[in-house]
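Guided by the hints, dock chain B onto chain A, whose structure is given.
2 protein chains.
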Amino acid sequence: MAKKTKAASLKARLPKGLRDLEATEIRALDSMLGNIRATYELYGFEPLETPAFEYSDALGKFLPDQERPNAGVFSFEDEDEGWVSLRYDLTAPLARYVAQNYDALPKPFRRYQTGPVWRNEKPGPGRFRQFTQFDADTVGTDNIVADGELCMLAADCLEACGIPRGSYRITVNNRKLLDGILQAIDIDPRAEANSWRRLTVLRAIDKIDRLGPEGVERLLGEGRKDDSGDYTRGADLKPDQIKTVMGYVTSSTDKPDQTLSNLEQLIGGSKLGEEGVSELRQIQSLLGSAGFGYDRVVVDPGVVRGLDYYTGPVFEAQLTLETIDDKGHKVSFGSVGGGGRYDDLVARFRGAKIPATGFSVGVSRLQSALSLLGKGGSEAGTGPVVVLVMDKNHLADYQTVVRKLRNAGIRSEMYTGTSGMRAQMKYADKRNSPCVVIKGEDEKSEGTVTIKDLIEGSRLSEQIEDNISWREGRPAQFSVKEEDMIAAVKNILDRHDA
Amino acid sequence: MAKKTKAASLKARLPKGLRDLEATEIRALDSMLGNIRATYELYGFEPLETPAFEYSDALGKFLPDQERPNAGVFSFEDEDEGWVSLRYDLTAPLARYVAQNYDALPKPFRRYQTGPVWRNEKPGPGRFRQFTQFDADTVGTDNIVADGELCMLAADCLEACGIPRGSYRITVNNRKLLDGILQAIDIDPRAEANSWRRLTVLRAIDKIDRLGPEGVERLLGEGRKDDSGDYTRGADLKPDQIKTVMGYVTSSTDKPDQTLSNLEQLIGGSKLGEEGVSELRQIQSLLGSAGFGYDRVVVDPGVVRGLDYYTGPVFEAQLTLETIDDKGHKVSFGSVGGGGRYDDLVARFRGAKIPATGFSVGVSRLQSALSLLGKGGSEAGTGPVVVLVMDKNHLADYQTVVRKLRNAGIRSEMYTGTSGMRAQMKYADKRNSPCVVIKGEDEKSEGTVTIKDLIEGSRLSEQIEDNISWREGRPAQFSVKEEDMIAAVKNILDRHDA
Chain A
1 MAKKTKAASL KARLPKGLRD LEATEIRALD SMLGNIRATY ELYGFEPLET
51 PAFEYSDALG KFLPDQERPN AGVFSFEDED EGWVSLRYDL TAPLARYVAQ
101 NYDALPKPFR RYQTGPVWRN EKPGPGRFRQ FTQFDADTVG TDNIVADGEL
151 CMLAADCLEA CGIPRGSYRI TVNNRKLLDG ILQAIDIDPR AEANSWRRLT
201 VLRAIDKIDR LGPEGVERLL GEGRKDDSGD YTRGADLKPD QIKTVMGYVT
251 SSTDKPDQTL SNLEQLIGGS KLGEEGVSEL RQIQSLLGSA GFGYDRVVVD
301 PGVVRGLDYY TGPVFEAQLT LETIDDKGHK VSFGSVGGGG RYDDLVARFR
351 GAKIPATGFS VGVSRLQSAL SLLGKGGSEA GTGPVVVLVM DKNHLADYQT
401 VVRKLRNAGI RSEMYTGTSG MRAQMKYADK RNSPCVVIKG EDEKSEGTVT
451 IKDLIEGSRL SEQIEDNISW REGRPAQFSV KEEDMIAAVK NILDRHDA
Chain B
499 MAKKTKAASL KARLPKGLRD LEATEIRALD SMLGNIRATY ELYGFEPLET
549 PAFEYSDALG KFLPDQERPN AGVFSFEDED EGWVSLRYDL TAPLARYVAQ
599 NYDALPKPFR RYQTGPVWRN EKPGPGRFRQ FTQFDADTVG TDNIVADGEL
649 CMLAADCLEA CGIPRGSYRI TVNNRKLLDG ILQAIDIDPR AEANSWRRLT
699 VLRAIDKIDR LGPEGVERLL GEGRKDDSGD YTRGADLKPD QIKTVMGYVT
749 SSTDKPDQTL SNLEQLIGGS KLGEEGVSEL RQIQSLLGSA GFGYDRVVVD
799 PGVVRGLDYY TGPVFEAQLT LETIDDKGHK VSFGSVGGGG RYDDLVARFR
849 GAKIPATGFS VGVSRLQSAL SLLGKGGSEA GTGPVVVLVM DKNHLADYQT
899 VVRKLRNAGI RSEMYTGTSG MRAQMKYADK RNSPCVVIKG EDEKSEGTVT
949 IKDLIEGSRL SEQIEDNISW REGRPAQFSV KEEDMIAAVK NILDRHDA
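Chains A and B, in that order, give the protein sequences.
Residue 457 in my numbering sits at position 457 of the first sequence, with consecutive numbering throughout.
Position in the second sequence (from 1) plus 498 gives the number in my numbering.
Excised from the complex, chain A in its bound form:
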């Protein structure tokens, strides 16, 4: 095929919404993923990896953004296997895995998984078609303890990544409460005929942060026209129904007991609502006894979470640090992860209900936040020590030097290009090398090597203005006996790491 392709007629580019990650970003990301992994492990979760694609019917399609008809998954028809799809999250593959291996698994089954997921959506700023999730789930128990643990896990995760206490909050709500409010205004949330209206109410509530109370009221009523003139149809509730829902949305206080009492009054005897309040109370008490106070985990009736499959507690990890939105306004950073209880996902395969609850970190969102805090991209690290090639007839000399460095565990390479000294020094600079090592004829006859400290050199060059005295002085360059080379290089590395 290579031969058939017209040379250089091909453009080197990536499809929209995909990107390459380079060294600095990968190192920062790996460090963050390591902190999340350590926290998940500390909580007793075990790793699992499922493949990138699965049968389309096994994955199903439980995507949040159902407003856009185009939203979806990458699917293709395999000649042997029929329709397969790239995974769009890590929860659907987990449900398939648990159903397939249920009898052999410990119950509850607690696993974590990280990896890329793919969404066939319109890409935008900060919105990619391949991105990484990092999930922890407990499957096979309806014990509310499992949900409470995930709220603690979320808080501990953020702190392990360097988000200071006070800059985040974990908000908790319960889908049963949301459905209880619907019951309280005489809309049966489980009746098929009400499903569109139920979804419209949930979506309206979900937009309280963005639209404010007035906007939400419109979406609960006849609908709302946005700034661009686009009209969104409303849920068509009556004024007193709207009043109850708005009371619910604004029932949050800074005292958990007060919030829970407010909610209890609003749901007015709905059975689902009472279950929801009771579960929130249990989570609250559990968190309290583990030392997680209201400064970290907050009951917030406005938290909805996009996914349709949640059935009980839902939670969100929100960063309260401020950033600038598209329109230049200051806004709090918002969600970097979330999750909740989903009791019906495994049942698709097994018939019998297998309750489950999970938490997922939005990896790139969290990394953006860490960058904003100045904790995201600082791990640039130093490049390798570069051993210069003075004369290509003496490669063996340079190779011996590299071998000594590597045997001492020092990251290093002999220059592998074919250019001269000036280009080699430029190369070392571009690689962010801490130093170069020179073993020319003079050094060889003296049994020495010359070491140029590039980081010190660049610091000095900013101080010395006179170019000639700079070059003649050869600062940050010195000669050592070859047997002292390792110690001298380590000395430079230690100084730069400090």
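Keep in mind the hints are simulated off the structure, nothing from the lab.
Just so you know, not all the hints are guaranteed correct.
Examples of chain B residues lying across from chain A (beta carbon under 8 Å, computed) [claimed, not checked]:
no.: 1; residue: Glu539
no.: 2; residue: Leu540
no.: 3; residue: Pro545
no.: 4; residue: Tyr553
no.: 5; residue: Ser554
no.: 6; residue: Arg594
no.: 7; residue: Gln598
no.: 8; residue: Asp601
no.: 9; residue: Asp707
no.: 10; residue: Leu709
no.: 11; residue: Gln897
no.: 12; residue: Tyr925
Every residue gets a Cβ at the ideal spot worked out from N, C-alpha and C, and that includes glycine.
Quick look at chain B alone, frame taken from chain A:
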């Protein structure tokens, strides 16, 4: 969609050739990947990550197995982007990346990348449609030093993963030598009309280990019928041509200089062949000066490597340890990685030639080898400490205990299921927990906790045959003051790690 699916009519299964990785395997794999990464870093390579899919035309299709018409890539037509394909290796995306970012990169550009690749091939035992590669490449130099480095890297990688010296060899050859042999028998290797014959000769040589000299001779001549009766067409060489090629294939000796002299005679003045020998001599000398002797890196004229795009040195990491093949015969384990020089891949985008050379570890092959050596799956690790739930009205007590353990960095969890004591103990066993912690009413009133050492317990239970004395004796179970719990648990963990 969930609602439309008939409950439990769905079968939970994976498409053929895909698999899930579970905790033990993931831990062993991560440990191995960490060793490879450390070696690549030591050699000065920097990480890069490219996305899972790319434009189909940007990837091209340079797959080794061109005999099977079905062999290929997973491709799908995206409504916005046209045809895209899942990557089938990490080299084609690298070529695209380098072409796209060439001006900004240090030259030579040295990167490593690991991750899954996908092949749309018939799966078989040990042959998956998603598998992991781990590559290091140097792009932008025709310096043979870069190839020599990769041979050292391959050897160091295997040793870092625990393959002892003497159990592997890195074999080196040169495509120019293979083409030189063709020139020596009057077949122009660069003439389009000879491309099928050239490939047939290369494939025949590649099969020397499997078919022996007689089988290769047939494939060089009129063809060969295998045991199943399938006929493979041969290269139709004349007897004296076959004799030269066979002389080449068997020219390897245990003395590198002797092998190189043999080769020099055989190629009989072919320019390409002479270049090939000269490059092998340079690699040999470079490796020698770095201390890599013939016990590790061997010139082997039989090494072909499947990929069509190689243009110069090719190398293979082979394990000499023995294993049993499909038919029950003892065979040496064979290739766990390889690579070579490919000078035309980036040119597809840029017109101008950008020479490159790379090495790739076949991750699952290497892991299978480590398992055979008893070094692959031993990192089972211990599960979390499980704090038992005695009475669900006292969850706060157990949660306090878990918090103390986690604050001390001890992997632990409160049992999150809803079953009784017996099931909880079974759960802890299944999780491979080192111990469980019990804080019942008695313990609470005494300010103590009871700790059951499960690993010691299971050891003792094998010694004690009398079931009653076992239960009454409660071995490996003891009580400590709650403030001494951390020290007691750490003591158990230390004993089991030792």
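Q: Report the numbers of all earlier hints that the structure fails to satisfy, in ascending order.
A: Those not satisfied are hints 5, 8, 9, 10.
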